[in-house]
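Student: Using the sequences and the hints, build the whole thing.
One-letter residues, chain by chain:
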Amino acid sequence: KQEVTQIPAALSVPEGENLVLNCSFTDSAIYNLQWFRQDPGKGLTSLLLIQSSQREQTSGRLNASLDKSSGRSTLYIAASQPGDSATYLCAVPRLTFGEGTQLTVNP
Amino acid sequence: DVKVTQSSRYLVKRTGEKVFLECVQDMDHENMFWYRQDPGLGLRLIYFSYDVKMKEKGDIPEGYSVSREKKERFSLILESASTNQTSMYLCASSPSRLSPAGDNTEAFFGQGTRLTVV
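The listed protein sequences derive, respectively, from chains A and B. For the first sequence, the working numbering assigns the number 1 to the initial residue and increments by one for each residue that follows. For the second sequence, the working numbering assigns the number 1001 to the initial residue and increments by one for each residue that follows.
Just to be clear, a hint being listed does not mean it is correct.
Per label pair, the in silico range of CB-to-CB distance [said to hold, decoys possible]:
(1) A:61 <-> B:1086: 33 to 41 angstroms
(2) A:22 <-> B:1069: 22 to 30 angstroms
(3) B:1077 <-> A:52: 29 to 37 angstroms
(4) B:1079 <-> A:83: 25 to 33 angstroms
Bear in mind the hints are in silico, worked out from the structure with no lab data behind them. Backbone N, C-alpha and C define an ideal beta-carbon position, used for all residues, glycine too.
Tutor: Listed below in structure tokens is the structure:
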């Protein structure tokens, strides 16, 4: 059974810092990986989807990479802002989730 | 703009009631999912549907059933609500890998339904 792990569970950083969130999965036979953001009490918002044929995807200040062979993905957030404070989750097919990283960006 | 809509944002029901949570998507997606989310337990899959009238049990199907009579609608049914079913319920949809989307099976979520059973 696929297992997804996210490290760290929580992260608190000052505004402006660049940061990396980690996601690992046990079964490398995936065809994509998706990163989501969740604000308290809300649904999940899709941030990036990386297909297995891609090594990375970028959207604004976000960059996600995928290394299937090592079972890892990273989400890089550049120049973090207080509005980035949320829980970040990764998911592999069929929408199997990690427990998330709770990010707090302090002004 | 893609849209997954859950019928209620907040719901309060009594123990023993039959409860229907509705989810509608307008993206012609084949796959639909129901999750519950509880503090410290993450997102747990209740049921998954890959086509009309087709369903698969997820990790925690006990006490729940589902209905998918039309492609755009996926209903979660609590046959006899209990207090331990108080939770945030989240619906999602995605294209099938067999569709023209191929590996681009980006999933989208509804806004969630906060259900309280008293």
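Student: For which of the previously enumerated hints does the structure constitute a violation, in increasing order of number?
Tutor: 2, 4
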